[in-house]
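With the sequences and hints as input, model every part of the structure.
Protein chains in written order, with this note's numbering: chain F, 100 to 507; chain D, 100 to 507; chain W, 100 to 507; chain L, 100 to 507.
None of these hints come from the bench; they were simulated from the model.
All values reported here derive from a predicted model rather than from experimental measurement.
Some hints here could point you the wrong way.
[What the hints assert, rightly or not] Computed far set for chain W versus chain D, every beta-carbon distance over 10 Å: (1) Gly-176; (2) Ile-279; (3) Glu-307; (4) Gln-319; (5) Pro-354; (6) Asp-396; (7) Ala-437.
[What the hints assert, rightly or not] Interface residues of chain D toward chain W, partial, derived using beta-carbon atoms under 8 Å: (8) Ile-279; (9) Gly-281; (10) Ser-305.
C-beta atoms are modelled at their ideal positions from N, C-alpha and C, and glycine is treated no differently.
The lines below spell out each chain.
Protein chains: 4
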Amino acid sequence: MVNKRKILNDPVYGFITIPDEFIFDLINQPLFQRLNRIRQLGLTYMVYPGAHHTRFHHAIGAMHLMDEAISVLLQKGIAIDEKERQAALVAILLHDIGHGPFSHALEHSLIHGVNHEDLSLRLMKMQEEKYGEIMKMSIDIFQNTYSKKFLHQLVSGQLDVDRLDYLMRDSFFTGVSEGIIGTERILKMMCVNNGDLAVEEKGIYSIEKFIMARRLMYWQVYLHKTVVSAESMMISTLKRAQELALSGEKLFASPALAYFLENNVEKTDLNDEVMSKFLLLDDSDILTSIKVWQNHDDRILSQLASGLVNRKLFRTRLSSEKSILDEKQNILLNIQAAFQISEKEAKYFIASGSIENNTYNPDLEKIWISMKDHSRKNITEASDQLDHYTLSKVIKKYYISYPKAVQL
Amino acid sequence: MVNKRKILNDPVYGFITIPDEFIFDLINQPLFQRLNRIRQLGLTYMVYPGAHHTRFHHAIGAMHLMDEAISVLLQKGIAIDEKERQAALVAILLHDIGHGPFSHALEHSLIHGVNHEDLSLRLMKMQEEKYGEIMKMSIDIFQNTYSKKFLHQLVSGQLDVDRLDYLMRDSFFTGVSEGIIGTERILKMMCVNNGDLAVEEKGIYSIEKFIMARRLMYWQVYLHKTVVSAESMMISTLKRAQELALSGEKLFASPALAYFLENNVEKTDLNDEVMSKFLLLDDSDILTSIKVWQNHDDRILSQLASGLVNRKLFRTRLSSEKSILDEKQNILLNIQAAFQISEKEAKYFIASGSIENNTYNPDLEKIWISMKDHSRKNITEASDQLDHYTLSKVIKKYYISYPKAVQL
Amino acid sequence: MVNKRKILNDPVYGFITIPDEFIFDLINQPLFQRLNRIRQLGLTYMVYPGAHHTRFHHAIGAMHLMDEAISVLLQKGIAIDEKERQAALVAILLHDIGHGPFSHALEHSLIHGVNHEDLSLRLMKMQEEKYGEIMKMSIDIFQNTYSKKFLHQLVSGQLDVDRLDYLMRDSFFTGVSEGIIGTERILKMMCVNNGDLAVEEKGIYSIEKFIMARRLMYWQVYLHKTVVSAESMMISTLKRAQELALSGEKLFASPALAYFLENNVEKTDLNDEVMSKFLLLDDSDILTSIKVWQNHDDRILSQLASGLVNRKLFRTRLSSEKSILDEKQNILLNIQAAFQISEKEAKYFIASGSIENNTYNPDLEKIWISMKDHSRKNITEASDQLDHYTLSKVIKKYYISYPKAVQL
Amino acid sequence: MVNKRKILNDPVYGFITIPDEFIFDLINQPLFQRLNRIRQLGLTYMVYPGAHHTRFHHAIGAMHLMDEAISVLLQKGIAIDEKERQAALVAILLHDIGHGPFSHALEHSLIHGVNHEDLSLRLMKMQEEKYGEIMKMSIDIFQNTYSKKFLHQLVSGQLDVDRLDYLMRDSFFTGVSEGIIGTERILKMMCVNNGDLAVEEKGIYSIEKFIMARRLMYWQVYLHKTVVSAESMMISTLKRAQELALSGEKLFASPALAYFLENNVEKTDLNDEVMSKFLLLDDSDILTSIKVWQNHDDRILSQLASGLVNRKLFRTRLSSEKSILDEKQNILLNIQAAFQISEKEAKYFIASGSIENNTYNPDLEKIWISMKDHSRKNITEASDQLDHYTLSKVIKKYYISYPKAVQL
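Below, the structure written as structure tokens:
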């Protein structure tokens, strides 16, 4: 009899085997299928035209790596029973289930103060009744209350399969080869030392490369200034739309989006109604609505929407000097003059702040290297070159974004 | 002085250089940016989760290959002047500009009898005034009324850069390695023989492989039966929505989609209003609206919509025997019984027809092989194995799709 | 405790894990290490400069695929016990152990009538005493006398892991992307039907592509006419060297090569002394000696040797018409005139014959496709396009090779 | 008329076009063809079985990158005339022409004090007469006496095409993915700033990654401890063979190798005879001879040779503490006891020393970053993270190698 294991084509790893029926059913829940309509990297496709890959694909990929990591640990004699294996797979599959469309933009406009991790946890708990014990153990692993903490570290740690997958996947779909890491080698070198996830000594260079690759991906992709521009514009657009909606203005929106425009949802409001509306949202609601807003009577809204749709994005200036923000007032005045609008309105056309990339914070959590003598060292001690000083240095940059039409 | 040539990251070819300012401007038109919101392979991502790549990306990729092909021909002494080069680049960039979202589904539901090539041509003509002579030459190349017919063959022929790019790109994003072809080799072997685009003799095996790869991609991706299921469901969904709209039923839709639901657009209707509405449509309009229809009062509509959104797709049976279609009446009766609906309503839950892949029709148009003695042969003569008989054999399959709930 | 499984970097598959200590020891035998000094593709590096990969690397790669294939079959419920698994791994590791350097050239010059498969078998038998039962079972698998014939088919059949590896590997190192096949997919689709190795129905396109890729690699790499030239020259060189040696002429050679030059070894002579000398030979003996022969007094030898060393190769003409061989006498006369040599001597400067590629002989052995209803079909029945006619067509080409200096 | 430009398959870049007839002729010289018999990474294939690629392949690859780099600079308006372009191509093609087989081992045994760069220069000068002006300019570029110093920097500098190619190529053939760099991106970002080769500001992350990749390749490949073991053994073997030869002992060797064994060649001896013998040497002379020496009467020689041939290599211990070398005397005593040999003889079985990797010495030479305002900065100033401190830190490790049989 032929075992009917499902196989998915994945351009990153070739093939992904869905390990069992239980996982297969979970993937087929509407809750999870919804991730297939939410881009992993939001508006990044405006800079990297290949970056339309979804959170669905990433979750499946991370599950695949979890499966491989657990096989490696089992071969090395680490005790992981079948239920733990399944719970770890469920935990990584659902770790991002709380993401909405264009998460970052939404969290800074319509759903203030709600972060996706809280939502993921909440959504996992909502399924405890249905899935019972496995989901319970999965939540424990997710929250780091399960005894074998290396399972949590595989889901969420300095060297988790989440990061391993997203670096590979984002690198693959953007075409930024700098993000390619030795995933397969890192997986094969994984072990458990003193209860913690660790990497064998001879994998040390792969870890160094992983840390560097992550840093490079931050500056080259995740914090790319044109992505910052597009996100800033989306935040302004959604804020303006909400302002209009709350003031009673008519505004096209899909029903789910309309709910968030017409209600000022705060964290405390996360009741079942809000959750059900949230789960209806995906990229298409936002993109369709913004496209319609291009023709709205409100000039602020229509101009922002049209810029986003037709890729007439803000100019973003980036600097390691905070003084770049000093120009803000001057720019605001220029915007007022250029567009003949009030200061309050002009604020929709400017964004500023700071972005930072601290790569790896050795004080916060450690990547353990398991030495040949079975002792262990933090990567900053074990590495010849990536020392504490280099790794703990936080790079912070200040940005200011505004329409290209504004001449300074 | 540094030449400010724009470079795009492309995971398929590494980097794509936008050759000049004119092309750069064209790409930045809203008309073209719109393609960045239309998936190249429609609903295929339901089977191959990486297949979210867009028509924008394909058009840019095909332009890149055109640029390379022209460089190769120039090096071999073929006369192509700067204007012709630019016109060929424009022609390939715009060859798919007439595509709407989920083209195949739309052409079989809301915009009967309009094919995307007619629309591409119409849209190119609309820009003639703006862009002048280059666009004129570009249209001539597109329509094969330009003297150097090899330029047309590069845009649209048995071995055009359109196919070369889409095979590579679709293969890349689906992860179906069978579609990988020796693009670079084929390009380097291109030449012109007796006025026609041809391939040097030593490139013959690459051409054979290209023809085989195309065939394999047809069955494994383009005509994959789950894709057939999803498309059939989308066609039914849109038809039902239109039926309801035309009968005065209230129905959520983005304004552009609403226009097509509420009007029975036929080919003859392609006036400027229709065109402007059409250009506002993209994947998000369709996906958002179908998602909302899940909760519509009409059971037919809501059931179809919900199936599409949550990936509860029809079962599709495929056979080379036409007799498979004989079961249609029996299935219809089963659907009526299972869902307690009328025959007319049941028809929304069944789809049938034939799909075929004729790979390469040697009677219609030829792939020329340029022999060492400067004579030329059709690939079917030049190839030892892919003879006329094999190549001209059309493979036709019959399909019938209906809900999995229906037991026969 | 960490399991010390050895891992090898392999550019083709990423990493190869040596499955156990027994296999690890076998690989470390001098008999096997010797393969690391024998190029897989002989003189092909003269055309494809990357093709220096060795028989060692291929054997290890094929073992890796065998390991994966067996895992797939085990998951599908096929009974294979641990000993059988190990024996199959040994069989594939040693399947090419009988290859000497530049096998084809040697078999047509110094070691007439001995083929590498006989030698492999003989060498396996020589190790039976040392390795006992596993080696016995391994020989049975190799010779197809073991009850589970699918194990033999994995070692040596129409779809064995030998072919799967060499197509991938040769394609990788030559850079001929036409040879890339969906190895991973084919492996995952493998099953056993009615005792025979088979492939699940949905893997059918991958099999078609595999058959085509193999054909293309034949013409583009294995039977490349410049490779034919180089091999013809090496055969002539070695024959001439032997002629001189047998006539008492002094000639530089490594001791092992000297043995074969000074003795006319025929198949019947395969005693232990011959075997021990044979096992000392590798590419470097042949290459070093030919390099020295460039300065030998014998003009025939020095000219052939110098041509090989400095890549002044024969011209090879290839044709599907046998009549190309009619020119042989005329060419011989031209060679005599050009080099002022006798007819007998001139024969060293000409080579002719035929090469053929029959891709897949459906009459001889079958590639079984396991249908969804558990019946099975030969690929020629199951495939829509690669029918019996196409597949069984043998392509035969005639070649004639001679110095470029000879003008006709 | 079709331009007959030669194309080579290269698995690293796909295809390499030989740019013109002159270069094509140069490549076909015996002097250059010889590089096809010399492995780029010497004995590294004993650790990475794919690493049989040759200096020929690397030289061709570096030429290809030079061709691309020059095209990029030309497009950016840098003045480079046709003769300069050709001279730069010649310079990079011949930059390694002075390499003998297993360079490092030979330079530490048979040809003391001769480095391959001196030999390359000498060999280029030997061809000045034949090739005239182009070779003269090429030598000037090679020696940095040509006015446009960026051409020299492309041949030999911190960011030369030599390094770009060898990192990519060695990474490709070893399968160590850590060495993959964004070659294409780096090339496209190249420019000239104030006469020096520089990289545009937005290429800064690719440069950081290049520097890291180079460091990782050092430790993971070039200074891999098993490679150190194998090289140490080859040095001992060749030294012992020479000692025996100089003392009149009979010893098998190819004539060219015999010359170096029987003569104590020092740098001053580099006369034409020595050069002609040197040019006859390649990997096969060394490998064949060592293989024969396995059966030599001298136990020291036969044991070392047999270890190398059958991969019974020294154990190498590596440490950042110099104190590891303190054990040398003790180890020597152990060797004497284990093998029953004198101290002088025992020294052939031990090797020690230090290896270091200084990645990038910012004091010595600079990688220039060309800023948007046309000023320039050293990478250590321009980079946020790879500061002077990190980059200039030299990592030094001490090693000691001896037979595994020796128990401490």
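Status of the hints after comparison with the structure:
Look at W:Gly-176: its CB is around 26 Å from the nearest CB on chain D, clear of 10 Å, so calling it non-interface holds up. Consistency note on W:Ile-279: stated as away from chain D, yet its beta-carbon is not over 10 Å from all of that chain's, at 6 Å minimum. A beta-carbon of chain D comes within 10 Å of the beta-carbon of W:Glu-307; the shortest separation is about 7 Å. The non-interface label for W:Gln-319 is inconsistent with chain D: the shortest C-beta to C-beta separation is roughly 5 Å, within 10 Å.
Annotated as non-interface, W:Pro-354 keeps its C-beta farther than 10 Å from every C-beta of chain D; the closest such distance is 43 Å. Residue placement check: W:Asp-396 keeps its beta carbon more than 10 Å from all beta carbons of chain D (closest about 40 Å). With a cut of 10 Å on Cβ distances, W:Ala-437 stays outside the contact zone with chain D, its closest approach being about 25 Å. Below 8 Å, beta-carbon pairs count as interface contacts, and D:Ile-279 has one with chain W at about 6 Å; its hint therefore holds.
Given hint, D:Gly-281 at the interface with chain W, holds; its Cβ is 5 Å from that chain's nearest Cβ, closer than 8 Å. The beta carbon of D:Ser-305 is positioned within 8 Å of a beta carbon in chain W (closest approach about 6 Å), and the interface hint is therefore held.
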